[in-house]
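J.: Residue numbers (my numbering), protein chains in the order written: chain A, 1 to 696; chain B, 1 to 696.
Because the hints were derived from the structure by calculation, they are not lab data.
Just so you know, not all the hints are guaranteed correct.
Note that the list lumps identical chains together, so a pair holds whenever it fits in one copy or between two copies.
[As the list claims (entries may be wrong)] No more than 35 Å apart at the CA atoms, straight line, and that leaves these computed lysine-lysine pairs for DSBU-like:
| id | residue 1 | residue 2 |
| --- | --- | --- |
| 1 | K269 | K522 |
| 2 | K483 | K612 |
| 3 | K489 | K238 |
| 4 | K483 | K316 |
| 5 | K595 | K57 |
| 6 | K368 | K608 |
| 7 | K595 | K115 |
| 8 | K316 | K595 |
| 9 | K269 | K368 |
There are 2 protein chains.
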Amino acid sequence: MQTQRVRRAAIVAAALILTSAAAADEGMWLLNKPPIQALKERYGFEPTPAWLEHVQKSCVRFGGGGSASVVSADGLVMTNHHVGSDDIEKLSTPEHNLLETGFYARTREEELPCKDLEVQILWSTEDVTQRVQSAAAPGASPAEANAARRRRIAEIEKESQDATGLKSDVVTLYHGARYHLYRYRRFTDVRLVMAPEQAIAFYGGDNDNFEYPRFDLDVSFFRIYENGKPLHPEHYLKWSGTGAAEGDLNFIVGHPARTQRQYTVDHLKFLRDVSYPVILQRLWRREVQLLSFSARSEENARIATGDLYGAQNSRKAFTGILAGLHDPQIMTAKVSAEKALRVAVDANPEFHAQWGDAWDRVSEAQRKHREHYLRYSALERRREVIRSDLYRIARHLVFLAEEKDKPNAERLEEYQEAALDTLYLRLFSPAPIYDELEMDRITSGLSYLAETAGGDDPLLVRMLAGQSPRGRAEQLVSGTKLKDVEVRKRLAAGGTQAIAESTDPMIRFAADLAPEIRRLRKLYEDEIESVERQNYARIAAAQFAVQGENLAPDATGTLRLSFGAVRGYVESGRPVPAFTTFAGLYQRHQERGGKPPFALPQRWLDRKARLKPDAPFNFVSTADIIGGNSGSPTINRAGEVIGIVFDGNLQGLVWDIAYTDEQARAVCLDARAIIEALRNVYDADPLADELVGGGR
Amino acid sequence: MQTQRVRRAAIVAAALILTSAAAADEGMWLLNKPPIQALKERYGFEPTPAWLEHVQKSCVRFGGGGSASVVSADGLVMTNHHVGSDDIEKLSTPEHNLLETGFYARTREEELPCKDLEVQILWSTEDVTQRVQSAAAPGASPAEANAARRRRIAEIEKESQDATGLKSDVVTLYHGARYHLYRYRRFTDVRLVMAPEQAIAFYGGDNDNFEYPRFDLDVSFFRIYENGKPLHPEHYLKWSGTGAAEGDLNFIVGHPARTQRQYTVDHLKFLRDVSYPVILQRLWRREVQLLSFSARSEENARIATGDLYGAQNSRKAFTGILAGLHDPQIMTAKVSAEKALRVAVDANPEFHAQWGDAWDRVSEAQRKHREHYLRYSALERRREVIRSDLYRIARHLVFLAEEKDKPNAERLEEYQEAALDTLYLRLFSPAPIYDELEMDRITSGLSYLAETAGGDDPLLVRMLAGQSPRGRAEQLVSGTKLKDVEVRKRLAAGGTQAIAESTDPMIRFAADLAPEIRRLRKLYEDEIESVERQNYARIAAAQFAVQGENLAPDATGTLRLSFGAVRGYVESGRPVPAFTTFAGLYQRHQERGGKPPFALPQRWLDRKARLKPDAPFNFVSTADIIGGNSGSPTINRAGEVIGIVFDGNLQGLVWDIAYTDEQARAVCLDARAIIEALRNVYDADPLADELVGGGR
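In isolation and in its complexed conformation, chain A is listed as follows (with noise of 0.2 Å):
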């Protein structure tokens, strides 16, 4: 069945591809940038300047990647259950499981201050392109010009948070071509107010996730404090009087994190043959061992759920979007779509001088990544197989000692001075950390070291000294002193000697693996990255040339105007309506014996009559949306709320590399039912006043 829904979409992708318009509800845009000429047309609407600054403003970044919006004039934001769940474990304890109760603060003092949560607001936005890029000396080699772009970023980073007070980042977009400068307002006190029971908010669990008719209350709040007193924001959302209907134009405002579609066919084998097959091989790895763990008793599976979570969800995104690189013709269209532009380049000779040798740059820089790429992702940032919260914290505190030392401008981007303050609220985080947990993650990761470099590969036999991978993860996490944030502090606080002279063994751990995660760095960042980057840009201008500008860059993990319409499919000949009911949930739990996880909590169960059956729950929306864009508020012409996404549809993984509306789906909470929610099964009425009136 798949296989068929995922091969008719190629063929729809592969005609957008080949004529480059927008004809369809594509991109994820810049909102300096928004698709005015596709909005009129499509949908005959032009957002206005103030428009798009309210929106703007009322949109969130929550924690390491989320999206959220402010839903109030009291400061109250919202977003996914699965996106604030991260601090709704950090505020469970064995004996107050808030993933499995649920919580109402029903007045200001009941409202709990998360632990080491941080919420940003994109204040402004400015291109400087032109000064990052002449940063680089003409002739200068890839590795040397990339060293220097870093540099001028630091720069205008670090200028400009002291200019302004508001946190800088410069954001590189179309992998190179520009560079925009992000200033945001940062907020660290933030509080819980609600959040249902985990088993509504993943009604249906890994079995339905990435599913569609679905029935999910994914949705919590939390509220911004500022001097101890709720934040009253200039711009916040108003909540929609009517919701949507079927075909209403929608807006999905977030921050979408990572997209593929501009990489080159040997970039996407690349991903397709090395890459992808790696991280799967992690994630269902670690998914059996969480499952092992989870299995031995009620507080495992409680202190593992966020983990396991995590590693379900990338798995069968990941399985998605690899399914899509193998079927042929979705890569036959890549193909076809790299060659048209070749091809025009190569036509005109000022453009092939210019630009034609661009596509065999990249590929040559994936060669170079098939070499490194197992032992650089498995020591190294996002997909790094030592998992541990103490490791980390470890690992930070050796590399910001060494880091501190060096000039703003030469230091790793991440312990420069634009990155400081929200580092140290992750590593000062009081947040519990769980010594069985910690053990396994290590344990894990250890083991994954020797099964993929083998038992007598000289770093691991160091990492090991002596002991098998559980001997070792018990060594260091009984031994750590971390686990005290003024350890930490002090740690922090005393630079490399304090590094230098410490005995504590995971520190002993940290320090004696930087040096090769600094080698692999280096050797990405000069080999690959910096060779990427260079010719990425020079592919884009070659586009831009050819095609016109009309294009929005791949997500980037910043805040991106996606818009669509609320549509259903036809899946298997049978039509999928755009909306589900309260109905349509009481169904499914009954058809599948309320067995988990389409069990339904008890106040759900006792509260059924009071809910309207015919009332919508979740639906669908052709917006252009993938991972990161998750608590997104979908909003309408009007910039009120009618919904906020949570997920995608199978159909839509594929959205990675490639977009399509045949099938491809955002999956959205309707407004209407998080109103009909707090009102008849939480009897958080105040809560509901607040959404629908704006607080106040």
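Given the coordinates of chain A, work out where chain B should sit on it, guided by the hints.
T.: Using the frame of chain A, we list chain B on its own:
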């Protein structure tokens, strides 16, 4: 915790390896070379030839690779539930899921004929080492010598089969130092008599698998028929009237599949760094896929039960063995033992000249093996990744046609005359085949090949034929006619011409793959297996010369005798008693809230009061076992049944590579618990009477 245990265990193992004498209850012994001396010295027992013959002829090889025994004068056969579960599954339907409900035939007429089950009893053995080894001309290359021995083995088997009518297999012992001819009586009319619910047979599920204390009623009963009547065997095991007590000598007689205790250090490193990580990657991957498949519906869960159980069981076993290989002390002991033997060999010029370089030759073969393992193991034999029934049928038909045109001695061993009856039984089995599961299996296999070989691999591209993995799987499964047994028979009868003319897509798919499989098989046999065999024979000869012949060969899936004592152990400072009780079962049920996999079948809850709380349920023994021993009878000095082995504990997983008896144990179901449950839970007094009374 685990590490501590394994580490101490390793020290013991090291001591054993170095002294080489069987100072403990070590060894899976040949019944024609029993451990007389150890039994006399340690337990004051000397088995007579009659005792050995009686035991041998009462033991049963069950299906593809399990153990069992004849336990009544009416041909009743006892094995584990998890050994019989494949056959129980084949007798189930969506309406009557015997794994869920259990089954008991109150009359002979109600006994259910199995779809394609074959059981064998070892009837005689003969040492044919001289005949096999003399087949290779002096100075022949390893590959030539291997081929010559293969031809000779085929001749010996054919000759024996023609002369005796018994199924005849030549077994390679000590990895090539000895060859024995085994002759079996075959039985193919086998009927299901009784099986408890899987919920009690596999109580605790994957969580408790390989754990102790334990509470599993892991038993099932079948009956051998001959000419439509129950078999009245010459030999069967009587039921013990008293059962076992702490410290009692006991024997376990069954078919341990494979051990690697005689492997060289480099060969173990090949397992540690190449083979087992690859196997585990496949198992993690497949387990997650099967969990997703099973979650989609009750029927999916039912038809995937066997696949999922198999994946989880293997995953837990390989995890344990790999942890052992990564325990520095186990590997240190192996290194020391190998060094000690090599020093002794090198100290004697004659020994040195004869065997001195054998270890290096094995190392060379392992280097070759590393290069080819991933692809070879993915496409050929035990670990193949396309685990589809329909594909296997097609593959056998394709190979069978080609092989049958060759002289018997030139054929691949699984198509030689001695193997054909068993092959036909499987090939023409009416056992159900499920489209959805087949598609999932083939999708999984094809995706795996794509993930590991890369999307542009020419073989993969040919296998996919322009489809995605899922699309190709759907095309093959919906297009093939091989579900029809008559179609298979016609193709088998039609030989190469029928295969060549067949347009069945699965046949074409298998025929297209066959040359690559042959190439890989030949490469493995000529460059790896032949070198291993030649040089392990030399290492064994060296070991016999230096340390004597009092050494059991590594397990080979053939009948072996182990001995040991019923004995508890100490774990984390706390004693683990040898026996568990029915009271313990109900206590565990309560502690884990009665949730799956700790839920009890309703009749176990209803009949609780009828069961003696302190009656023994499971017990542990120091007897040396490994996978494949499941279902082996545990017997006393009198040769009476005191239990049935169904597992080893976690500490026993390292028995694959080294024996220790500090904590490692075989886990048995007590014979008294079987009777207690049959009478009081299953109202199966006639069956209990047949066991206790021996039938009739």
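J.: A separate judgement is required for each hint: does it hold in the structure or not?
T.: Hint check results:
1. K269 to K522: Answer is both; intra-copy 24 Å and inter-copy 32 Å each pass.
2. K483 to K612: neither (49 Å within a copy, 49 Å between copies)
3. K489 to K238: Close neither inside one copy (42 Å) nor across copies (72 Å); limit 35 Å.
4. K483 to K316: both (33 Å within a copy, 32 Å between copies)
5. K595 to K57: Neither way: K595 and K57 sit 43 Å apart in one copy and 48 Å across, limit 35 Å.
6. K368 to K608: neither (59 Å within a copy, 66 Å between copies)
7. K595 to K115: Close inside one copy (33 Å) and across copies (33 Å); limit 35 Å.
8. K316 to K595: For K316 and K595, the Cα distance is within 35 Å both inside one copy (22 Å) and across copies (27 Å).
9. K269 to K368: Both, since 13 Å and 28 Å are each at most 35 Å.
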